[in-house]
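**Q** Take a look at the letters that make up each chain.
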Amino acid sequence: MWSNFFTTASIVTVLASAIRFATPFLLAALGETVGQRAGVLNLGVEGVMLGGAFTAYYVRLNPSGWWWAGGIGTAIIAALVVGLVMGLLYAWMTLVMHAEQGISGIGVFLFGLGATDLLFQKQVGVSLPIQPLSVWRVPLLGDIPHVGDVFFNQSPLVYAAYVLVPVITIMITRTTFGLNIRAVGETPEAADTLGVSVNLVRLGAILIGNSLAALAGAALVFNTNTFQQNLTAGQGFIAVALVYFGAWRPAGVMAGALLFGLVSSTVLQLKTLGIVSGAASALTAMAPAILTIAVLVIVSRRIGAPAALTKHFDRNA
Amino acid sequence: MTMTKKPRMALLALLAVFTLIATACGGSDSDTTEASGDATSTGPLKVGIIAPSASNDLAFSQSMVDAVNAVAGDRELEIAITDGTFIVEDAAAAIRGYADDGFDLVIAHGSQYGGPLQEIAPDFPDVAFAWGTAVDTFGLPNVSAYTVRADEGGYVNGTLAAQLTESGVIGVVGPIEVGDAKLYVDGFVAGAAAQDSDVTVNVNYIESFSDVALASEAATAHIANGADVLTGTAQMVVGATGVAGPAGAKWFGTQSNQTPLGPDFVVASQVYHWEVVLVDMMTAIDAGNFGGEVYTLTLANGGLEIEFNDGAGADPAVVAGAQATIDGIIDGSIKTDAG
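Going down the list, the sequences are from chains C and A.
Those letters in the first sequence? Residues 1 to 317, per our numbering, in order.
Those letters in the second sequence? Residues 1 to 339, per our numbering, in order.
Any given hint could turn out to be false.
Said to hold, decoys possible - Restraint ranges, calculated between C-beta atoms of paired labels, are given here:
no. : chain 1 : residue 1 : chain 2 : residue 2 : range
1   : A       : G302      : C       : V299      : 52 to 60 Å
2   : A       : N301      : C       : L283      : 34 to 42 Å
3   : C       : M286      : A       : G139      : 32 to 40 Å
4   : C       : A287      : A       : A70       : 56 to 64 Å
If you're looking for bench data, these hints aren't it; they were derived computationally from the structure.
This structure is a prediction, so every number in the text was calculated from the model and none was measured.
Beta carbons are placed, not taken as given, at the ideal position from N, Cα and C, and that holds for glycine.
If we strip away everything but chain A, and leave its shape as in the complex, we get:
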């Protein structure tokens, strides 16, 4: 029986629609890269990363990807990345997929992934899982948690910002008031207040990690209210930096080195060096210990570093003075009063 014209056209139309959908869904699949390292190791450690935003977001996700790649320089790793998986159900599928595929270490890089991780990990007792930022391992022997004392670098940035502001007003563009974002902002505010109690720090949590347009408007609002120094955290900060530069404001970054976003106005960035904890984690895995630990990045253990950008034209004396603050936090003489 031959098809009449209408059903054939409908079928063609349906195929066209599904082709479009399939094309669209092909955007953020995992990439598998071989990373050569120490030839004397027993074989590559297979590491899967699930991240909520793009792996080159110059923020949260990139910090972990950069760290794993840094570790890959010293030991043999096989790395796979599934980024852009903000939706928890998608991440859960990726986590289980990596475990099913025999990965040795599955890093669920997002505090929203705890629920599925708690369900999946017991099904794979020989796979090491890690998640963060978090401090709960659920009592599971193959789950590690990692977190960061983002308030430490925030405090340093805050002291610098308070010295650099000429208007006496500083603006903060925050995502959602949780996790390391809250720690960073709290530390920043504390640092600014400790440096100069007359400085006003306006904090605006836009209630989104990814709304770039809203971050842009928030930064514009800060500038309209007199701010000449801004900071922020999460992947939406590109909206804020896009406004800060043309307005002549200075920027302080966190999570990754954000100098590329503004080579002439990004003063400094608190950079997360997750490799500090990844090395410990992988060493434990080599020894047959798949989890149960909580790891923390701090200035003291080298997991946090303040990276300065000379191109921002900040007063060199001010920048040099930051080291004293860093040393004070490390030796405990300075408390951030956050976290």
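Bound-form chain C, shown alone:
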């Protein structure tokens, strides 16, 4: 039985699945990382993911027969727009109205959950399948035996997610905007005295974060080729946990997402091959969550969050 697992084909299946499975988590967590580095905690990631997921699904399905809809590109752009709009809403609540970030995020989550549920029921009704997003085999690299199948035979959204890791790392560590993000996330008062518009920087971070969360929802839709109420099933909250897991660094977040994806895909493969069944199946299903909690406990003791996380900034205070 275990010999069936430790075959080349099986290992390739597990690794390729891990990379694909981790993609929505990675996108959402990268966005949340940017936001949290700027001092903004957004627990509404799940709701934004749902908003992006439903939008991408609806535009791709195009039941209304819009002339501009139906394509992958328009579906993704529409999802990003919805993410921006939800980001503006969240920014208004937290930066302008100074609502408590945690509660505001929960409000956004519930709004996204309810709104997408309602829209799906009224506008679509049944979980009809959509045309899938084709995988793209990278020329030359995709032909490398086994490695090509694992890394270079994925959908474009998967590639985009992993390319964003160095992009966001460079943005945070090598650009003025990134410096400002870190500054307002650690000591907003000091940043303000240096002429940095704290709330404007935070607004930018929120918009980036929410756009990526919406893109994560779109990625989830194109992984499943369908939509259903509460499609994300808690993935947004796991993404928030991954930010802590990764110590607020994009590379760390990627490692966490991949670890989560790897454990999940390994468990799936073990169950598919009948190596794990019955009560053991239920126990192993908990493995990804247990691992995440365990690592969170370890990480939290070593690395602290941005000093100004969840703290409002009011120049007049």
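Got chain C sorted already, so can you dock chain A onto it with the hints?
**A** Quick look at chain A alone, frame taken from chain C:
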């Protein structure tokens, strides 16, 4: 005393947050529909349904909603539905609410609702309660239970799947190994083995009724391991069918007719016709008997039906041969060895 700016802004922010929450919570409230039927009846029977997932999930919840609506075509019913109530506490509130509002029959359509039902039913002796899939009426005179021999249709689907697979590998995406889900899968595996013992059936219980993404990955794993025919049960199967179609795999459904999920690859579906037991239940209620019975859907009593989809392009001879299997289960010559 005038409010300072900060408390006013905080209050506005709080109101905005609560508005969002209220909007979100307005998603899955009960819908009340009038269903006209036989004008000579003494008045509409008020039926409340509490379901764990969406009423149009093409699976468990929809099977009951469709059944009640089917019965409404023959008698006057007033139907109210509270769907999406997977959380037991929410369902308990809905159950008690329907009973408080004078409903005649409250259907708690979920095996997780037994606990609250056992607590609530004694408070309303003149209200008939029904729950399933289950076989326990708790000894209460106003509680009925209903279940389904899902293994029967699973067996039929399994025999068909074993004949249609070209790779010799079949994949099953299951939710949690309980209730009618387990019965269906056990019956399916037995049917496939009976048809062709060389066929491999890989079963993966993803430990969730609703995780569509996980179901999608499970189906992908099956296909990566060579499966060209898949099946599954519960509302998360839309994730599996979303992957099966593009991969060129065939699909067998259960609980509801799942052809809309894949008009060109869903071969057949075992459909639950709960109306078979609902009619008996309502007739008993009319006679003043509010419970105490256990009802079961079977192929023999018409509660289960295999509905085929011609658009899937399956071999007509294979499909036609399924009737012999169905007849064998009905007359007892074929045993599913499950349940």
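**Q** If a hint holds in the structure, say so; if it does not, say that too.
**A** Do the hints match the structure? See the list:
1. A:G302 <-> C:V299: 52 to 60 Å: At roughly 59 Å between Cβ atoms, V299 of chain C and G302 of chain A fall inside 52 to 60 Å, so the hint holds.
2. A:N301 <-> C:L283: 34 to 42 Å: holds, 39 Å
3. C:M286 <-> A:G139: 32 to 40 Å: With a Cβ separation near 36 Å, M286 of chain C and G139 of chain A satisfy 32 to 40 Å, so the hint holds.
4. C:A287 <-> A:A70: 56 to 64 Å: Given about 43 Å between the Cβ atoms, the range is violated.
When held up to the earlier numbered hints, the structure conflicts with hint 4 and nothing else.
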